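Protein chains: 2
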Amino acid sequence: MSPTRRSFLGAGAAMMGGAAAAAVTPATAAGASTPLTATVDVAVVGAGLAGLTAARSLVAAGKSVIILEARNRVGGRTLNHAIGGGHVAEAGGEFIGPTQDRIAALANAVGVNTFDAYDTGNNIYVNGAIRLSYSDSGLVGGLTGTAPPDPLLLPDLVLLSQQLDSDAAKLDPAAPWTYAQASAWDSVTVETWTRQHALNATYVLPVLAAATRALWGCEPRDVSYLYAAAYVASAGNATTTGTFERLLNVRNGAQQSRFVGGSQLVSQRVAAALGAAVKLNAPVRSISQTSSGVTVVADGYVVNARRVVVAIPPALTGRIAYDPILPADRDLITQRVPMGALMKVEAVYPTPFWRANNLTGQFLTTGEPVGYAFDNSPPDASLGVLAGFVGGDADRTYGAMTPAQRREAVLTQYASVFKDDRFLSPSDYFDFNWVDEPWTRGGPTGLFAPGTLTEYGPALRAPVGRIHWAGTETSDYWQGYMDGAVRSGERATHEVLAAL
Amino acid sequence: MSPTRRSFLGAGAAMMGGAAAAAVTPATAAGASTPLTATVDVAVVGAGLAGLTAARSLVAAGKSVIILEARNRVGGRTLNHAIGGGHVAEAGGEFIGPTQDRIAALANAVGVNTFDAYDTGNNIYVNGAIRLSYSDSGLVGGLTGTAPPDPLLLPDLVLLSQQLDSDAAKLDPAAPWTYAQASAWDSVTVETWTRQHALNATYVLPVLAAATRALWGCEPRDVSYLYAAAYVASAGNATTTGTFERLLNVRNGAQQSRFVGGSQLVSQRVAAALGAAVKLNAPVRSISQTSSGVTVVADGYVVNARRVVVAIPPALTGRIAYDPILPADRDLITQRVPMGALMKVEAVYPTPFWRANNLTGQFLTTGEPVGYAFDNSPPDASLGVLAGFVGGDADRTYGAMTPAQRREAVLTQYASVFKDDRFLSPSDYFDFNWVDEPWTRGGPTGLFAPGTLTEYGPALRAPVGRIHWAGTETSDYWQGYMDGAVRSGERATHEVLAAL
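Those protein sequences? They're chains A and B, same order as listed.
The numbering used here puts the first residue of the first sequence at 41, with every later residue one more than the last.
The numbering used here puts the first residue of the second sequence at 41, with every later residue one more than the last.
Rather than coming from a laboratory, the hints here were simulated on the basis of the structure.
Just so you know, these numbers come straight off a predicted model, no measurement behind them.
The beta carbon of each residue, even a glycine, is placed where N, CA and C say it ideally should be.
Some clues are possibly wrong.
[Said to hold, decoys possible] Stretches of chain B that chain A covers, calculated by requiring three or more beta carbons in the stretch to come under 8 Å of a beta carbon on chain A: (1) 145-153; (2) 222-229; (3) 470-476.
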């Protein structure tokens, strides 16, 4: 059969008035039987927050753009899940907090509002036989926020978080590998560092694992200390130094606020404005460069462009075929930034009944499956949602179970932690294991084992000819977060505009 | 245009008399404009030693087979380089030693002979200002072989190698993750373990790095101690326990012998016997499974089979598109076994003139670019070849240089180490940086950072429906070596035959 030559550009590429009209050219690459073809200024791979931000800002600068998205939806690692009554609970990233200025600006620009995450009352902490109920609004052991007042834990929490903050402050968030001690810090795992610095490492490590599971979907053995310190350094902005507390806290921290309508709404609004420039169900298979341009081949599409922004996780960038092949450092980093293993579990109840007991809904525990849980109810509290993170080894254990087994394990744990059997009978329950998501294959972010940042860090962002890299892992500030994704898209836009 | 439907099966699939005639079916998958299509019992992805071994043994069992190889040659990580006079020097894997029974059997079966690696005379050891010339045929500090008699180094070499051997002996080479202390050993890097156990870690680490660079193309920070111990455990066979010395030694070790005609000749002979069943220039793009069979789509080919053996490094298996997508543990391990960074450099001289000075040609040094060098002359010594490994950080540094800069650095180092300016003027010089090789992207083997073996080790070999995994990284014994590749191909064959 003959490939049908259809133009999707007229109704597709997003252009401002000033942009040159895009030329329609015949399809040349193999792949789909009837590929649609177009010529634009910039092709963008991936319609998560990074790719959508890049596309939006490039269009605002008068460039013609096509976004190729593998999924049948936009939003990447954000995903709204309908829970009835017009409400949603997020299955992916959802929070926004202080210094996350760029996601805030984007949400504001597209008219998505925020509201405070519910944080009134006491948190629960369970560590073996120890169960504490405590307020996170005071100051405990020099720490504000979610630090549980476990006397066996607090000295190390103070010691380790101060050391971490002090070390993080020495790093350039955009290039932690340039620090003089980078190689030394990159030669130990977070577990090793903890054993070296904690007063009572045996006690603190399981609690730390509950944090790394929620934060990175991994165990403390999986990532390097340089990466941990760089991640803390990244939890700020150009005028505010990153701190460990800001990463972990609700009040004044990264979990402070949520989006009305769900976090995915930001992407949906941006995509709606871009219109038919966003092509869904279009996984990119190959990127070819010449001295005159770049050709991006996706299922059903062939896009010729002057530049391409690849806005997907580093590990997935390695699954595209490049011609010419990538330089060694860039290829080798695609082999070295694996996604974490993270699942989100959410039980929906007719009301957030725990609030009446002066409970925030938050708990931190060394138990399983959930290590950290929180109140994820809609802003009007017309439903009650208790969400939890199941990460690292727990993701591997519980991800392998049947949905029914997993549901029972989660609800039983909720009832046990809160000593309240009402948690056993939700009106709805869902979970979402990001390792099973075809176009993410893990979550929440790409991880850096010992050696990787030192050896290949510069390749994270360095353009390869006409290819520019975005995605939250490439951000200076708030890497691993929605804010980092937006920042990376803005940075890629600056690169592209300077080159066009 | 219409896809031309050609059959390549008649002249292609390798079959014994007893095999069912393969059915020719029309091409169905997109990809090439004129895909050739065939139906066979087993498709094999990759014509390295693992894939060729699987294909050979499956054909011997009466099965019809097609091998799809991305390159224009067979042999994978073995590669003969012509140096004139009909001689070759290997740019990739080349040695064979005791307990490597399966590569020995395969080479014997295809009539490729071995000869002793040159090992007469003294080795050189250079560590900063210390330069020692020593015989490796004696017993030094309880160690035979290549241990340099550096009094600052030897106590640690004895201590660490005994600890490593003792630990390795506790592991099942086929499943090191089952050991009770596996998680603990997998939570530290080799650098951390060395700092914890060495008397003089600051002194021993640079020497250890010279070894890890040659052995794995990495730094001691990059891999876990569990992986190191498992690698040692793997350096034996079912009746002989693996030891660290056997990994490192020439005499009685993994570098004892070489192949007449070069190591790639083994693959070439196997491929020749398989004939047109071996399809070159056919990178596999997708593998689709149904309840009735599997379809493998490569550039130019569509192969329908009952089973497929994927015999490429774990990282590269992640670059194939699977339908249905891989289970989470299998996908996540493809993100977590990066290739090392290894280059081989070889200077060719009219004669192996160093032999007359009672030198083996071997040196071990903390200097750069080369960490370990050896005499790689042809068996008749009609030319002299001095080969060296440039790995890890040195690969990154010297791989980024121009070829002329790199050549000068290598030759200058050779002349300096041997105190002999004749090394400055070779008749020929070549180097081969495996990180630049499109269908390998690193070498010599896939590496395991902390956590990986513990968390995802079982997924290395576990079949996924009709997909079976081979490649040296999946072997119980001699993983990372040619012998492991052959063993993995044999194991995959057993799996497939049991399933067919």
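Evaluation of the provided hints:
no.	hint	result
1	145-153	violated (count 0)
2	222-229	holds (count 5)
3	470-476	holds (count 3)
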